[in-house]
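Undergrad: Please build the complete structure, drawing on both the sequences and the hints.
The residues making up each chain are set out below.
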Amino acid sequence: MAARRKFRHQLAMTALAWIVGLLIFFPILWTALTSFKTEVDAFAIPPKFVFFHWTLENYGVVQERSNYIAAATNSIVLSIGANVVGLLIAIPAAWSMAFAPITVVAKRQTRTMHALIVLVIALMALVAWLSAFRLLTSWWGYAALFVVVGLPVIYWIMTRRTTDVLMWMLSTKMMPAVGVLVPIYLLYRDYDLLDTRLGVGFLLMMVNLPIIIWMLFTYFKEIPVDILEAARMDGASLLNEIVHVLTPLAAPGIASTMLLSIILSWNEAFWTLRLTTTHAAPLTFLIAEYSSPEGLFWAKLSAASTLAIAPIVILGWFSQKQLVRGMTFGAVK
Amino acid sequence: MATQRTTLAGRVLVAPSVLLLFLWMVVPLAMTIYFSTLRYSLLDPDSVAFIGVQNYADFLHDPSFLGALFNTLVLVASVLLISVVGGLFVALLVDQPIFGQGIVRLMVIAPFLVMPTVSALVWKNLFMNPISGLFAWLAKSFGLPAVDWFTNWPMVAIVIIVAWQWLPFAALILLTALQSLDEEQKEAAALDGARPVSYLFYIILPHLARAITVVVLIETIFLLSVYAEILVTTKGGPGTATTNIPFLIYKQALLNFDVGGASAGGLVAVILANIVAIFLMRVVGKNLEA
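Just so you know, the protein sequences line up as chains Z and E, in that order. Quick note: the first sequence uses the working numbering, first residue 11, plus one each step. Quick note: the second sequence uses the working numbering, first residue 938, plus one each step.
Since the hints were made in silico from the structure, they are not lab data. Be aware that a few hints might be false.
To give an idea of the interface, some chain E residues facing chain Z are shown, with a C-beta separation under 7 Å as derived from the structure [what the hints assert, rightly or not]: (1) Leu-958; (2) Gln-991; (3) Ile-1035; (4) Trp-1074; (5) Ala-1206; (6) Ile-1208.
Note that CB positions come from ideal geometry on N, CA and C, so glycine has one too.
TA: Below you can see the structure in the form of structure tokens.
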């Protein structure tokens, strides 16, 4: 009796869960369906669910109307390019933070002295900064700016614990993009970076860099250090150690990080919308152009949308764990 | 444990990342602060002048700012409420021993992976169109008048679209947290004859408290900068009914060419986000120490 009641309960729950799941998923399903309709069928009232004239014509029209392939290429180049460069910068950082974390901080007296030194440097930087605004036309101005900004930063790293550095990196992710929209836009305009893959790619990389470093750090931390020591004891050379021990251990983490970061770059819709117009415009931008309608366009909009989201939805299904890890900064396990 | 040499090497390896992040965040932020004290219009770039806190005064006295602040808070609060309560419900449901759990899970998570411009346009046209939209047809089938969402209920429409994107996120995080609940604890509760309601309030919710906090904080940070959904649907209108702070700043900077005013607005947005970020960093930091 109890078993049967349990089974019935399970059936009811299953039905309810499927209904809720289908409801949430329905807009995506409906978009995919509409993409195979003719425009007239797409507007039909009552809506046609299955019995309509199935056609692939919209997928062809999408390309004619808006050069879909160019936008898709941009999306791919931007999200993968930004990721590869980001990983190259992030891997060494995450690696050293995971395996050689700096836990000891200087004594109070030294720290006070450091604070004073940093204060002096910062004041100098401020003076140089203000004069650099007049110098911004010359390379000297940049070099000076870079040095005065870089020095205190490098100094700051040298005196912090790893956890503090990591927390600071994460905090940069929480800055709203609009807070830096104006300077970035003006800088990009003045240096011809608007609507270039280089410019947008750099921004996408920077937006995701904190998450990339964070994800890599958490994965690297899970690698047991003893294995490295064992390999060394067995007389593995450094090259052998990297090829046969480190790479196989680190590769899954790096791949997972890359997956999440590609998803995030692909869907990024603030900088891509504001900084591109044609040459570097990715799919987010192409879809946004459908907001000014031209005649009947629902089936075409659906076709373009289906193509734009399909690869990422599929990638995302495989990376649910990484999504949780990356999006919550490891606060939920 | 680390020797002096590895310590130095470690710092050198971290340096490029820190330097880049610094250049990307702190330098533009410093420029925003600097611009916010100027009278600086792109239409008249020769008459740049220092005007102190005038931009802030203007911005804070501007009724459109207060309206945008209100809209931002309404948007964030409503989406949070819908996505957390709905997400919790969905997570509890999917966590049951149901048939095809994996597939239901996939369907539930999918909207979070859809790019914002796609979800906004699909909802606006295929669903919320007052004549041929699916909602209009549904309303008519029940004998109700069709709703012209973007004219009469623009904010509700935006909330629905954004909530559809973020409910899956809440569900995914809460489901992950649910699945780490101790099996023995569940069994013990069942043996003690805990009723579903007390089971929910005394075992599940306390267990999820931390995950819920994290979802609320992270969603708030992202929801404070909702932009694409508004751009492609209402463009902030009708009037200023759906203009939130990011959209107002965008209008100020790139449509009105007022660099000074937009920068002041940008800093207000940064301060808003930081109020939330401080709490989030505390939760994350605790986890890092452990």
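Undergrad: Of all the hints given earlier, name the ones this structure violates by number, lowest first.
TA: 2, 6
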